[in-house]
Amino acid sequence: MPVKPTPLQHILIVGGGTAGWMTAAALAHKLAGLPIRISLVESEEIGTVGVGEATVPHIRFFNSALGIDEAEFMRTTKATFKLGIEFRNWGRVGDSYIHPFGAFGMAEDGVSFLHWWLRAREADGNHALEDFSLPVQAARRNRFGPPSQDPRSLYSTYSYAYQFDATLYGRFLRTLAERLGVQRIEGRIVDTALDGASGFIRSVTLASGQSVEADLFMDCSGFRGLLIEQALSAGYESWQHWLPCDRAIAMPCESVEDLTPYTRATALQAGWTWRIPLQHRVGNGHVYASAFIDDAAAEQALRDGLEGAPLAEPNRLRFLPGKRRRQWVGNCVALGLAAGFIEPLESTSIHLVQLAIGKLLELLPYRGWDPLDAAEFNRAMDLEYERVRDFIILHYCATQRDDSPLWNHCRTMSLPDSLAHKLELFRERGVVVNQRDGMFLEPSWIAVYVGQNIVPCRVDPLAAWIELDRLAARLADMAGACRQAAAAMPLHCEYLRSINAAAVG
Amino acid sequence: MTAEVRQPTRYVIAGGGIAGAMAGVAVATRLPTGSHSVTVLRDGGDADASFGPVVATRPGIRRFHADLGVDEDALIRGGAASFTLGTAYSGWSAVRPTYFLPYGDAGASIEGVPFHLLAARLRTEGEKVALADYSIAAMLAQSGRFARPSDDPRSVLSTFTYGLHLHAAAYADALFGLARRRGATIVRDALGSVEVANGRIEALHLARGERLVGDVFIDATGARGALAGSLRGADLESCAGLFPFDRTASAAIRASAPPAAYAHAAARSEGWRLTIPAAGIVGESFAYSSQLLSPDQAERLLLADCAGDLVSPPRDEAVKAGKRAPWNGNCVAIGAAAAVVEPLHSMPFSLLQNGVERLLRLLPASMEMQAEANEYNRATVEEIDRARDLALLPYRLNGRAGEQSWDGARQPSRNEKLERKIDLYRSRGRVPLLDGDLLDEAEWAALFDGHGITAARTDALAEAIPLERLTSQLARMRQVMIQAISHLPSHGDYLRQLARGAAAA
Ligand SMILES: Cc1cc2nc3c(=O)[nH]c(=O)nc-3n(C[C@H](O)[C@H](O)[C@H](O)COP(=O)(O)OP(=O)(O)OC[C@H]3O[C@@H](n4cnc5c(N)ncnc54)[C@H](O)[C@@H]3O)c2cc1C
Chain A
1 MPVKPTPLQH ILIVGGGTAG WMTAAALAHK LAGLPIRISL VESEEIGTVG VGEATVPHIR
61 FFNSALGIDE AEFMRTTKAT FKLGIEFRNW GRVGDSYIHP FGAFGMAEDG VSFLHWWLRA
121 READGNHALE DFSLPVQAAR RNRFGPPSQD PRSLYSTYSY AYQFDATLYG RFLRTLAERL
181 GVQRIEGRIV DTALDGASGF IRSVTLASGQ SVEADLFMDC SGFRGLLIEQ ALSAGYESWQ
241 HWLPCDRAIA MPCESVEDLT PYTRATALQA GWTWRIPLQH RVGNGHVYAS AFIDDAAAEQ
301 ALRDGLEGAP LAEPNRLRFL PGKRRRQWVG NCVALGLAAG FIEPLESTSI HLVQLAIGKL
361 LELLPYRGWD PLDAAEFNRA MDLEYERVRD FIILHYCATQ RDDSPLWNHC RTMSLPDSLA
421 HKLELFRERG VVVNQRDGMF LEPSWIAVYV GQNIVPCRVD PLAAWIELDR LAARLADMAG
481 ACRQAAAAMP LHCEYLRSIN AAAVG
Chain B
1 MTAEVRQPTR YVIAGGGIAG AMAGVAVATR LPTGSHSVTV LRDGGDADAS FGPVVATRPG
61 IRRFHADLGV DEDALIRGGA ASFTLGTAYS GWSAVRPTYF LPYGDAGASI EGVPFHLLAA
121 RLRTEGEKVA LADYSIAAML AQSGRFARPS DDPRSVLSTF TYGLHLHAAA YADALFGLAR
181 RRGATIVRDA LGSVEVANGR IEALHLARGE RLVGDVFIDA TGARGALAGS LRGADLESCA
241 GLFPFDRTAS AAIRASAPPA AYAHAAARSE GWRLTIPAAG IVGESFAYSS QLLSPDQAER
301 LLLADCAGDL VSPPRDEAVK AGKRAPWNGN CVAIGAAAAV VEPLHSMPFS LLQNGVERLL
361 RLLPASMEMQ AEANEYNRAT VEEIDRARDL ALLPYRLNGR AGEQSWDGAR QPSRNEKLER
421 KIDLYRSRGR VPLLDGDLLD EAEWAALFDG HGITAARTDA LAEAIPLERL TSQLARMRQV
481 MIQAISHLPS HGDYLRQLAR GAAAA
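So the sequence lines, in the order shown, correspond to chains A and B. Quick note: the first sequence uses our numbering, first residue 1, plus one each step. Quick note: the second sequence uses our numbering, first residue 1, plus one each step.
Isolated chain B (complex conformation) (with noise of 0.2 Å):
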């Protein structure tokens, strides 16, 4: 039955980046090595062309790593990662000076009613309720503490997560090398053309003459999408008009003390700009419209804040928002080469991880590839589509007034997705989530906080729990937390005892 139909089993990656590397380890991981053969194109110095120098990732990086065998401690170890608990964002909102992001839960549910409604419910009581104060990573942030969650359900310290911060030629590196051990060939050479028939590429012709023959094709290469691009149908749909900065300028800079474990998002009136900490470096990068700012203008700003040495040259891009199928004939679209959506809440990367899983799950099992590549790409555009909901989120929430670009992008949306979220939860504090949202009630909820938006009414649930009973429940929730962090070490400590391999897990 099956014996007649050849399986597609030469697998060909280009990309010498970290959606490069994650896919090659990935795919030789998994394929069986004696029938399968998987080559990667490291295309020299771009390691951090679509993702910046240091990429902050969300809790789901755990999971790649455990799956597919990838050791964490060692990656921290050897500088290619770091902790992080979330984001700080401030001057987006008018009322929130700054808010945190946390990983993992923000207080729990009573009754079934999650915790955001309960704290509107007690604000309106007169409390004072933040979110942050009900989530351990908020509070470890914030504290300058860290250590790994609890694997106790019935500890408290089990309530949080993490995510890493990688410093991105470091971590495509570590990964590079372990694909090659696990029987990946690394070819590093530059792309020169791509070799296209029947509107499928046959192989891949190198700027040094040789030529790579393939049955599958992973297009890691960016936003430039240098395979993709090839094949006709895969055009880059874009959405640029959307979204108000056009331009990113980033720089990574040397750091020597311990990096915070936290990325901080920060609007201000020619943009907002983002610093991710990770071991002995810190990545800034910064949005700004390019009708407001030369890029030496920008460049000057990203700069003027920026204390310690340049690791290298700061770089200046145009940032395209846009979208493609990412699955085309034999050649699949990952990362930036599928979509360019902006950097806040780590989405790109999300995306790229997502794109990768499903791969893994949808490998080609015939050499005509239809039914995966179906479905590959209706769910990756509809994570797509709502990574660009969320995206706009900020925008069109934010708060500052008098500011050209700022209050343009405040004008509701056409996105009806997007604006049936805002309404619920200004009318009720609800967020409905839909297939492809990556992330939960909570995370939105808390967004939509610290944008400073308060829902119009109170749940009618949290209304029918006694106020008693929820006031001395979160006092009781905000001590088991409170005592329970104090005992944690300060996340410089926490780096040096796993350093010298004696972190506790």
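So here's chain A without its partners, still in its complex pose (with noise of 0.2 Å):
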């Protein structure tokens, strides 16, 4: 007969940036039928990092299990709608694609949609794989809606996530996760008191001299993983040898452009720029690699790029790419970029804390410890990480550039074996490797590796058969829908427009 597990009486959550509040507000809302106490730790004069405002579509599972009302969150963190990420100069320079949320066509007879693309391409190249992507067609003419829920609708192919201020979003969660009784502790932690039998964290000491025990730590705290690895030496794995770059400067800026549905990475030659359009301003920021490129000049490169006036001082940014040994430490979890930061080109970072409550919550342990917890916890963290990281690789190895050093280095640099089988599979037969973890699927890798000139040296022999013009008509048809269903939804501002008003009435 199993045993009701005296539960954790208090959890105490170091650090209060996007992680730190998400994870406040979750375990608030799962936990609430426990006698669990929750608080969490954050320094103002510290501060958090300042960035992180792109997302990914299972950020609604999230806001939508705590109850959070989508016209009332897109207004109080100036959220816009995001269909994808627009890639340029990536393959080589000139070249755009976006990686959408949602797949290319559709399969048929067996045969994957990529496949009867090529076969097409064989005849005639007429259409790039993106005129059957009614997210990619959507995006690029700035238009937005909804998707519908019928599948037999063309407009049920997509999905959609958020742009959103950080800061805002951190201070909405916080707002909710304080309704459900979590208690904010303002304060500088200085000092980490381990109990000298189990190595567990007792307590951490804050710079007033207060003192806060707890049975569960949260490291919550940004890039110096002040518990995980100052306290308990977790161990870093660094990936830097395939993800070159080390360092980013974050600078908003006035939008003048268009609203445009979403985000937007620039390749430079050494590093890259994001682009985040919200609804009072533009983020932007240079990712680059100090190897190849100094401070300045990557600043002066950011400000090159600016659409409109600089609305901040730069914000600096120092980073290794890379993990935790262990994320699950005795009684400490790191979440965020305490657990390891893989660079923000995907948009994959708040996901992975996402991620990673979803697993502690699976995991929570009790009074007593089971080391079974931790190590499953970080088993399937690991591979989450890696398998972010091979698809983070893949853009800067599937490269043609050969104009700067970072990319003649990315071009030609040795991959995880993981990686090396999934391009190679690709390359020659165009099949995606699928596999039961990870967060990026088929359509992901397809709209990658297609986008970066990756294309498969053979078509699929089943495609073989069909009679080109037949194929070529169907194909004409569905771009056709394609175009059509984008061009009937609403601009992205005028939508906007009209959830905020809904909101406010």
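No lab work stands behind these hints, which were simulated from the structure alone. Quick reminder that beta carbons are idealized off the backbone N, C-alpha and C, glycines included. Heads up, a few of these hints could be off.
[Said to hold, decoys possible] Covered, in the sense of this in silico footprint (three residues per stretch, anywhere, with C-beta under 8 Å from a C-beta of chain A), are these stretches of chain B:
{"hint": "1", "segment": "20-34"}
{"hint": "2", "segment": "363-370"}
{"hint": "3", "segment": "431-439"}
{"hint": "4", "segment": "454-468"}
[Claimed, not checked] Pair by pair, the computed Cβ-Cβ distance ranges are:
{"hint": "5", "chain 1": "B", "residue 1": "404", "chain 2": "A", "residue 2": "65", "range": "24 to 34 Å"}
{"hint": "6", "chain 1": "B", "residue 1": "112", "chain 2": "A", "residue 2": "186", "range": "24 to 34 Å"}
{"hint": "7", "chain 1": "B", "residue 1": "112", "chain 2": "A", "residue 2": "417", "range": "52 to 62 Å"}
[Unchecked claim] Negatives, chain A to chain B, calculated, CB over 12 Å:
{"hint": "8", "residue": "148"}
{"hint": "9", "residue": "308"}
{"hint": "10", "residue": "404"}
Given two chains presented individually in distinct reference frames, assemble the corresponding complex, making use of the accompanying hints.
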């Protein structure tokens, strides 16, 4: 007969950035029925990283599980809708493709759409793959509307995410978490006390001298990994060999261009810049490799690309791409930047926080601590991080650029075996390796492969039989339908206005 | 770009059993007939060598039939298949004399907490909760009723599914017929020798002198791996020592009553017995240890419990558990030719089906076919290994104390992945799923539960749900289920309706 575990009495979240407040809100909501106290320490003096504005669609499940009203959330966090990411200059200078939240075309007769497209391309090169993606067609027209629930509708073929002001989102979650009973403690942690026998964290001490004890510590302290690394020495696995970028400068500016329903990532000589449109401004940043460019030149490159007047001083950040060797050690679980960081190219960080929260809830420890919980958490999170890593590396290695040392390095570097296998299979046969875990599914891989000019050298033999005339006609119909459906959607800015009006009214 | 590459167009399949038949239908259905040829060597008298006369399949078979346009109703009317709702297990555990592993859901999650964890929580409160009481499939099996599931996701009758029990010879006949109608050439002869050059198969020489030349060879010859074994580097890697029983006696008995819609796996001191009822025939097999019984003794034990006439003389075979790299050169081994695993939980059939489906996804697009082989082998071997973990589980957890072969089988294995599943379930009722796993978490949990394993502690999230809410929701669930199935016909009536072509969908 199972016993009721003695529940934890006190969970302390260290850090009040996006990771900290997401964790606080989710735990407070999910554990409401249990006698567990949840507190969060943060230091205004230290502040948050201040970036992290683009998300992936899973965030909507996070929000809705917390009972968050979308319109209110959009208005409060000055959010916009996101259908995907436009990548400029990645394969070659001058290229542009969009990685959308949705698949290209539809499989038929056991053949993936990619291969129908490849086959048609052999005959005439008229259609780009993106002609068969409604979210790309909508994005290219700056249009947005909510997807349909009806699986027969073309409008059911995509999903969407948000672009929001990270500071405002943090505040929004803080209000929610405090309403759910989370106690916020202002103060800077200056010391961590470990239990001699177990090595577990007993308490943290604030600059004020106050000491806070807890059973479980959630390290959301950002890059420094205040508990997981500084106190518990979890160790860090660097992925810099494959991901040379190690610095970033962020700088918001006034928006001048139309309100795009997508994020843009533009590759430069020694890194890339992001452009994230919000309601009240545009978020910009330059992620670069310090080995290939100095800070001043990097800042200049960022400024040169701004579409409007800067709205703040540059926010300079340093990081090492990689992850903690163990994200859960003893009674401490690291989330967010404290757990690891893979650069923000595909907006994966906040999602990894969300995944870690979900895993932690599944494996919530009790007073008595079974090390199996930590082992399973670490296994699952390692796998997620590694699979995201491979997908991000793909953007760098799948390049034909030879105009700078960064791209020469990336084009020729050795790859993780797992990625080399995936690449070879796609190149040779146009098949995407599918696995149980990993957040990026087949359509995402296809978008980046094809977008960066990795075109399979062979067509599925099953696609070989179709009469090209018939196929061409079918594809033309599909592309036409996508175009029309996209044109019928409202403009992104108009749709936002209607949402905001609804939220106020 | 693709024009100069010579494509494999000639497919030769060797094997007269269901593996050869399934591969034949799959390839003949998908490949364009004008440009490709499919030849199946149907060697006689071998229809049930690796699977026994009656084969139990999991619900995945429905996908195979639907994708390839195999008419399930026709199979059932023709006596080649009948329905199955799962497997009853008896004698495996010391605390649970019998348990049922149903197809489809057992219960529903509440607040995202899996049902088996809710059940565990309720048990600590003194409630008697049997997982099978919340499974439509188990309830149907128990009450002798059957109807196909509902398509309406709001109906509780959409929460179960079914597999098929195949009359191997009749099923193979039906599929070979279909393959022929779809353009395959069926050659009835016996394999003489395999002509190999440069690590590839050039041709098969048949007993009557014919020479079958091909580009791709599919080895469906069962455990002997007649084609695969002729190539270097495709040796069988044995894992026979892992399992306590090394021989199987089998027989097919004529039956007149409508078949039960489930299989039965009964453990006894000398081994275990699997009973698979199908239309007009019941398959019986008995796995035993050659150290404890002679083949004669095993046959006597097998037949002692059989009521009815034998369809054919009983067979007795050594079971050589093992696996090989399935795709080697231009030869792809499927079914038992790739791996021999224990027939519990229908794993051999699932591996066969997945192997055929994977081949369709990776049909070689060039004569070199190395990229395809690499991925095929990676994914297939992973799946075989996970199927083997699963096969070990009932031995590892058996409760037959004081019986020689069973006592020995209870030792912790050196299989880390399996031990981790067992440990985590024992600790808190969770089961980590890995790439290649063929059962979902609920099914694993049902197996553990059936073996009388209870987790040491309940799940925190389950504890967070108010008790009254749980009990009332479960009571309502059960009531709705009882109501829903009370309208359904007996399995026999359903089959009769179907035979008249009148069964409601
Ligand atoms: C350049 C860049 C761009 C990014 N873009 C994206 C993006 O587009 N999408 C995305 O999903 N993610 C993005 N990320 C990642 C994202 O910003 C983070 O995952 C997210 O903000 C979570 O950060 P955090 O809460 O872990 O850390 P932080 O925001 O750094 O928060 C750390 C918290 O810990 C507190 N703290 C630290 N030390 C102490 C102490 N001694 N005592 C008390 N409190 C302390 C701080 O006060 C702060 O509250 C980006 C990251 C970078 C670097």
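Tested hints:
no. : hint                        : in the structure
1   : 20-34                       : holds (count 4)
2   : 363-370                     : holds (count 5)
3   : 431-439                     : holds (count 6)
4   : 454-468                     : holds (count 12)
5   : 404(B) x 65(A): 24 to 34 Å  : violated (53 Å)
6   : 112(B) x 186(A): 24 to 34 Å : holds (33 Å)
7   : 112(B) x 417(A): 52 to 62 Å : violated (35 Å)
8   : 148                         : holds (17 Å)
9   : 308                         : holds (43 Å)
10  : 404                         : holds (29 Å)
Taken one by one, the earlier hints fail for this structure at numbers 5, 7, listed in ascending order.
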